[in-house]
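Enquirer: The listed protein sequences derive, respectively, from chains C and G.
The first sequence begins at 1 in the working numbering and counts up one residue at a time.
The second sequence begins at 1001 in the working numbering and counts up one residue at a time.
Treat the hints with caution; some may be incorrect.
Claimed, not checked - No farther apart than 30 Å at their CA atoms in a straight line, the calculated lysine-lysine pairs in the DSSO-like style are these:
(1) 1064(G) x 119(C)
(2) 469(C) x 1008(G)
(3) 331(C) x 1008(G)
(4) 29(C) x 1051(G)
(5) 379(C) x 430(C)
(6) 369(C) x 331(C)
(7) 75(C) x 123(C)
(8) 149(C) x 1054(G)
(9) 280(C) x 1051(G)
(10) 1052(G) x 382(C)
(11) 75(C) x 1051(G)
(12) 370(C) x 1026(G)
(13) 469(C) x 33(C)
(14) 237(C) x 369(C)
(15) 1054(G) x 430(C)
(16) 1054(G) x 370(C)
(17) 1052(G) x 149(C)
(18) 237(C) x 1064(G)
(19) 331(C) x 1064(G)
(20) 280(C) x 1054(G)
(21) 149(C) x 1051(G)
(22) 1052(G) x 430(C)
(23) 149(C) x 1082(G)
(24) 1064(G) x 149(C)
(25) 280(C) x 1082(G)
(26) 469(C) x 1033(G)
(27) 469(C) x 1054(G)
(28) 1082(G) x 237(C)
(29) 1033(G) x 280(C)
(30) 369(C) x 382(C)
(31) 371(C) x 1051(G)
Said to hold, decoys possible - Cβ pair distances, simulated, as ranges:
(32) 279(C) x 1022(G): 43 to 51 Å
(33) 137(C) x 1084(G): 35 to 43 Å
(34) 1007(G) x 269(C): 35 to 43 Å
(35) 237(C) x 1084(G): 46 to 54 Å
(36) 1080(G) x 133(C): 44 to 52 Å
(37) 1080(G) x 288(C): 33 to 41 Å
(38) 1064(G) x 78(C): 51 to 59 Å
(39) 1064(G) x 112(C): 19 to 27 Å
The set of hints was computed from the structure by calculation and includes no laboratory data.
Every value quoted in this text rests on a predicted model; they were computed, and no experiment measured them.
Positions of the beta carbon are idealized from the N, C-alpha and C atoms, including for glycine.
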Amino acid sequence: MSKTDPSTYDAIIIGAGISGLVCGGYLAKAGMKVVVVEQHDKPGGYFTSFKRKGFLFDAAAHSFGNYRAGGHVRKILTEIGVDEIVTIKRYDPSDVIISPDFTITLWNDMQQTVGDLAKSFPKEKDNIARFFNFLTTANQVEFVRLKDKTFGHLLRSFFEDTRLVNALALPVFGNGGLPPSRIHAFSGAKIYSEFLIDGGYYVEGGIQNLPNALARIIRQNNGELRCRRLVKSILSKGRSVTGVELENGETLLSSYVVAACDMTQTYTALLRESTDNEEKAARISTMIPSLSTFILYIGIDRSFEGLTQPGTNIWHLTDYDLDQTYSRIMKCDFDRSCAFMFRVSPDLRTILAFMTAPFASVQFWKENKKKTEEDFLRKIEKAIPELKRHIVYYDGATPATLQRYTLNHQGAAFGWAKMPSQTADIIAGKRSPLQGLYFAGHWTSIGFGMPGACYSGHDTARRILRTRKNQ
Amino acid sequence: MVAINVEKEIISILSEISGVDESDIKPETDLVKDLDIDSIKAIEITVAIEKKFKISVRDEDVPKIMTLRQAVELVDQLLAQKNTANVKN
């Protein structure tokens, strides 16, 4: 074959984030010849790790949920065979929420969580039990009733104590980028049931091992992962997709293409020449992406013994007013924003800390990265006394960094902002303009994080396999 | 005004969100059992129906949408109510 001959595949997947890899894993295992094209030098999207100065850091995602027996993530990773390659461990407690007046511990045993919380809030005892029961047993009808409600509405339908409402909303704020008054009730409820009640899972040896395992399975099943390859355009003939063209001039052909990547760029750049999608591109441009995060990576010397429990996410809430914190964050007033999280790594060598942050501009972060790192470090030092003397290394990742590495529009951490007012547009956004073109990932759903990405990748693979079978 | 074929439009929404072929969706099709509709897809379907027909599905109406036939009946009823309200106004 000459160098210019295009390669032909049964399916091309753009983006090696978790949704693209899960989709590729299912398709490859079903016998399709799959290629996953990734612009970064490693698979994973927000699920990557990197080494620096002898430390291993997880880049963004640092634990995941929904891996209980019967959970979607467990089912998907088992079906693809990931669980045979990696060891997944669960940390207990998964999360601790520290507020000015009390601490909430989210144990692996939900009844223990409910019991402890009831002791702290005796007047809310029955409400606490009802809330956790709702989160774990609600059916489709009960969730549809939340279609136009916020998580704040849901919390207030159970609780009277506003301190409790805001403390419970903190990890939803951190994992969703919106305060309870703005985030969709479904999204908030799912963050609870899939990240917190069933959270704290970690891949032994670093989060990168999970996407690596998915990539290995794709390769073992006759598929390919091509890193450092940027897709320039999605090709089509008439109303059907025919393949993709890479930035290096190479053409890959297939009648199935999955855009498991940033949706804004898919419409404004990749599909620019292949469809009459101006109306859709215009609508996308009015939608609001979720906020990004500012992440601090801290390397610690081996002698320090004052760390918090490894593997547990520690959430700090210094003021109960999350709406005010949100509005301060939107103005980049991080000094007075009152919510952040940190987690000591299982090997006790590093700390990952993050706070919600807006994209602002590349220039803003060039000018303010150092100061934001130092200010954030001071907040963490208040929570871990003596830490300062044991820091060997630290560096930050700004929203601009996250955009650069993942190409997510404005470094968005969770796809579109999951507000009730955007639900219809999020659904409409994934309606494909071309036969054979599918969308996957966090820009296509009101679902969240790794469980949402797994779900989306699996759902897209099922659609493709069903369509192929019917042809 | 062009009459909307309610059933056809709802089948199109159900097919798109569930991934099941339009030809496999019948009036008796049970959305949960036959189309494997989970909570996220149930919200997506309801919101897509609301947007398509410019109606609002009330909390008490949600349990009435278990089959395609029931969904069509509810949309017909809500459209009739909307038209009556428009005439009164």
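Enquirer: Could you run down the list of hints and mark each one as holding or not?
Expert: Verification of the supplied hints:
1. With a CA separation close to 40 Å, the supplied pair residue 1064(G) and residue 119(C) exceeds the 30 Å bound.
2. Using a Cα cut-off of 30 Å, the hinted pair residue 469(C) and residue 1008(G) holds, with the two alpha carbons roughly 24 Å apart.
3. The hinted pair formed by residue 331(C) and residue 1008(G) fails the criterion: a straight-line CA distance of about 48 Å is larger than 30 Å.
4. A distance of roughly 38 Å separates the Cα atoms of residue 29(C) and residue 1051(G); the hinted pair therefore is violated under the 30 Å criterion.
5. Among the hinted pairs, residue 379(C) with residue 430(C) is inconsistent with the structure: their alpha-carbon atoms are about 40 Å apart, more than 30 Å.
6. Of the supplied pair hints, the one linking residue 369(C) and residue 331(C) holds, its CA atoms being roughly 15 Å apart against a limit of 30 Å.
7. Restraint check for residue 75(C) and residue 123(C): not satisfied, since their Cα atoms lie roughly 39 Å apart, outside the 30 Å limit.
8. With a C-alpha separation of about 18 Å, the suggested pair residue 149(C) and residue 1054(G) falls inside the 30 Å cut-off, and the hint holds.
9. Distance hint between residue 280(C) and residue 1051(G) is fulfilled; the C-alpha atoms sit about 16 Å from each other, no more than 30 Å.
10. The suggested pairing of residue 1052(G) with residue 382(C) is violated, with an alpha-carbon distance near 53 Å, which exceeds 30 Å.
11. Pair hint residue 75(C) plus residue 1051(G) does not hold up; C-alpha atoms about 33 Å apart against a cutoff of 30 Å.
12. For a cut-off of 30 Å, the pair hint linking residue 370(C) to residue 1026(G) is broken: about 61 Å separates their Cα positions.
13. For the suggested pair residue 469(C) and residue 33(C), the alpha carbons sit about 16 Å apart, so the restraint of at most 30 Å is met.
14. The hinted pair formed by residue 237(C) and residue 369(C) fails the criterion: a straight-line CA distance of about 46 Å is larger than 30 Å.
15. For the suggested pair residue 1054(G) and residue 430(C), the alpha carbons sit about 20 Å apart, so the restraint of at most 30 Å is met.
16. A threshold of 30 Å between alpha carbons decides the hint, and for residue 1054(G) with residue 370(C) the separation of about 50 Å lies outside it, so the pair is violated.
17. Taking the CA atoms of residue 1052(G) and residue 149(C), the gap is near 20 Å; set against the 30 Å cutoff, the hint holds.
18. Distance check on the hinted pair: residue 237(C) and residue 1064(G) sit about 43 Å apart at the alpha-carbon level, beyond 30 Å; violated.
19. Under the criterion of a C-alpha separation no larger than 30 Å, the hint pairing residue 331(C) with residue 1064(G) is inconsistent with the structure, at around 45 Å.
20. Taking the CA atoms of residue 280(C) and residue 1054(G), the gap is near 20 Å; set against the 30 Å cutoff, the hint holds.
21. With a CA separation close to 16 Å, the supplied pair residue 149(C) and residue 1051(G) stays within the 30 Å bound.
22. For the suggested pair residue 1052(G) and residue 430(C), the alpha carbons sit about 16 Å apart, so the restraint of at most 30 Å is met.
23. Annotation: proposed proximity of residue 149(C) to residue 1082(G) holds, straight-line Cα distance about 23 Å (limit 30 Å).
24. A C-alpha spacing of about 20 Å is found between residue 1064(G) and residue 149(C), which places the hinted pair at or below 30 Å, so the restraint holds.
25. At most 30 Å may separate the alpha-carbon atoms for a hinted pair to count; residue 280(C) and residue 1082(G) meet this at roughly 29 Å.
26. Taken as a hint, the residue 469(C) and residue 1033(G) pair is honoured in the structure, with Cα atoms around 21 Å apart against an allowance of 30 Å.
27. Of the supplied pair hints, the one linking residue 469(C) and residue 1054(G) is violated, its CA atoms being roughly 35 Å apart against a limit of 30 Å.
28. For the hint pairing residue 1082(G) with residue 237(C), the CA-to-CA distance comes to about 42 Å; that exceeds 30 Å, so the pair is violated.
29. Between the alpha carbons of residue 1033(G) and residue 280(C) the distance comes to roughly 33 Å, so the proposed pair goes past 30 Å and is violated.
30. Using a Cα cut-off of 30 Å, the hinted pair residue 369(C) and residue 382(C) holds, with the two alpha carbons roughly 20 Å apart.
31. Restraint check: the Cα-Cα separation between residue 371(C) and residue 1051(G) comes to about 46 Å, which exceeds 30 Å; the hinted pair is violated.
32. With their beta carbons about 24 Å apart, residue 279(C) and residue 1022(G) fall outside the hinted range of 43 to 51 Å.
33. Taken as a hint, the range 35 to 43 Å holds for the pair residue 137(C) and residue 1084(G), whose Cβ atoms sit roughly 39 Å apart.
34. Look at residue 1007(G) against residue 269(C): about 39 Å separates their beta carbons, and that is inside 35 to 43 Å.
35. A C-beta distance of roughly 48 Å is found between residue 237(C) and residue 1084(G), which places it inside the suggested range of 46 to 54 Å.
36. Checked against the hint of 44 to 52 Å, the pair residue 1080(G) and residue 133(C) fails, with Cβ atoms roughly 38 Å apart.
37. Taken as a hint, the range 33 to 41 Å holds for the pair residue 1080(G) and residue 288(C), whose Cβ atoms sit roughly 35 Å apart.
38. Distance hint check: the CB atoms of residue 1064(G) and residue 78(C) are about 37 Å apart, inconsistent with the given range 51 to 59 Å.
39. Against the hinted window of 19 to 27 Å, the Cβ-Cβ separation of residue 1064(G) and residue 112(C) comes to about 39 Å, which falls outside the hint.
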